[in-house]
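Quick mapping for you: the protein sequence lines, in order, are chains A and B.
Reminder that position 33 of the first sequence reads as 35 in my numbering, one-by-one numbering, no gaps.
Reminder that position 28 of the second sequence reads as 311 in my numbering, one-by-one numbering, no gaps.
Among the hints, erroneous ones may be present.
[As the list claims (entries may be wrong)] Beta-carbon label-pair distances, calculated as ranges: (1) A:G140 <-> B:T514: 38 to 46 Å; (2) B:D449 <-> A:D166: 50 to 58 Å; (3) A:L30 <-> B:G436: 36 to 44 Å; (4) A:R36 <-> B:G313: 48 to 56 Å; (5) A:R18 <-> B:N496: 36 to 44 Å.
[Stated by the list, open to error] Chain A is nowhere near these chain B residues, computed Cβ spacing over 10 Å in every case: (6) E378; (7) L379; (8) G384; (9) E474.
Just so you know, the hints here were simulated from the structure itself, not pulled from any lab data.
Nothing here was measured: the structure is a model prediction, and the numbers come from that model.
For each residue, glycine too, the CB sits at the ideal point set by N, CA and C.
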Amino acid sequence: MSDDECATPPLARLLRALADEVARDPDLAARVMRAADPEALRLLAPPATASVPLSKQMANTDTLLATALPGSDLSPLVPDEAAAPALPGDDHAPSGTTPRRTRLPRTGSRFGTPTIPGRGTELGQGVPDPFALWAERGEDGLRVVLDGLRAGTLRAIIRAHQLDPQGKMPANAPEQRMRALILSASRPTRDDARSAADHPTSGTRRNHTRPKEG
Amino acid sequence: MTAICIANNKGGVGKTTTVVNLAAGLARLGHSVLVVDADGQSNATYALTGSVHPTPSLYDLLMDTAKFDQALWTTNEEHIWLIPGDGRLQNIDVELAAKPGREWRLTRALNGQSFDYILIDTPPSLGVVTQNALVAAQHVIVPVALSEFSLIGMDKLLSTIDELSDQLDIDDLDLLGIVVTFYEENRLGRETFGVLEKKFEGQLFETHIPKHNKIEEAHRRNESVLTFAPTSPGGLAYAELAREVKKRATSTGEAYSRRRVARG
């Protein structure tokens, strides 16, 4: 077996892992595709068939890429047969037969975006810190984050950061009420502003403690 | 400290629900609980944090690309910590295939930790991740959904765990009990429960978990049923199950320490 053949399974695994990451993160997919060479992307388009005019196929490819890459800055393809690059499968296909089809790149889930995206990893590990989020994103940013969180996490924020020390929030409080409390309690005070100036990297007021290692 | 693996190679029997709510029940009894989500579907992670693709996760711990503290999360529930699971765990069997001591990686990562209880949620398979969970645990709880289908294969599951224990040189793994889930108080429910009771005499937990919509609703809110609806039938059942588990598997109060037994 040659060295190249030995390297194939790890490479295949790496590419599969990359494809999985790209498939579950539409934003990453868009960034990767934007970073890729547009000419290379054209080569990944489906080949011409005898029954459909090339110009029409190129228009379809445009639609496909535009759908796969929302916000992409790829220049639109010109429906000009002469200017179109050679497509895989064209060279050896005898006229009148269907050329071999090239597999399309996977640019995201074929079945759409996840039904439940879950909260983003950028919120850190565990219970989100509203003080840090306010410091980092401001009131509107924190509001957006809170809108994406469910009752359990909102309740956990209130508990973990002691935002309701007198226990006024009922156990079955509606989500909107919890969001309002978190927003108002996270508003920086003058003391916080002074403290932030002294310790610019610290946004957390309180931390959880866990059992110590034995 | 006591480590309990919740396992059944059949899916949809209430493994994750049992892990999340049993953890909440034990936490309410004043214990610190670590949940290890070894299922690539990461449902326990979602139920406890609202996150579905957390990193670093158990995958990184098993692959030695993260330290325990880096993969440790606080959760929405008080006194419950989490080593989250993520989708990469579904392919880890292949990646760990050639690694030495692959079944002992979770045990190694947990050694020295001082939680009162460690609950390990497993995928519906008996692959390397489940083997890691069985090696790391001292007890197994098998949830069984009360349906005819679940009864088929129960014998096989228990004998497979036995065989795995032999193969992996685990001497002290015991069956803490079988917990009936999705129980419905009707003729069919009573009959099926009767079959189980006869077959697994003394191994069934006295508490059985009713089929109740508040349990599912709690998952959707990213909290346990004991937080969301503590007095609902589901909440009361899990609180009772926690008391029963505590009675059967008393925490030693010592740090987690488990070593491979050298066989002569």
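Worksheet item: Honestly, which of those hints from before does the structure not fit?
Response: 6
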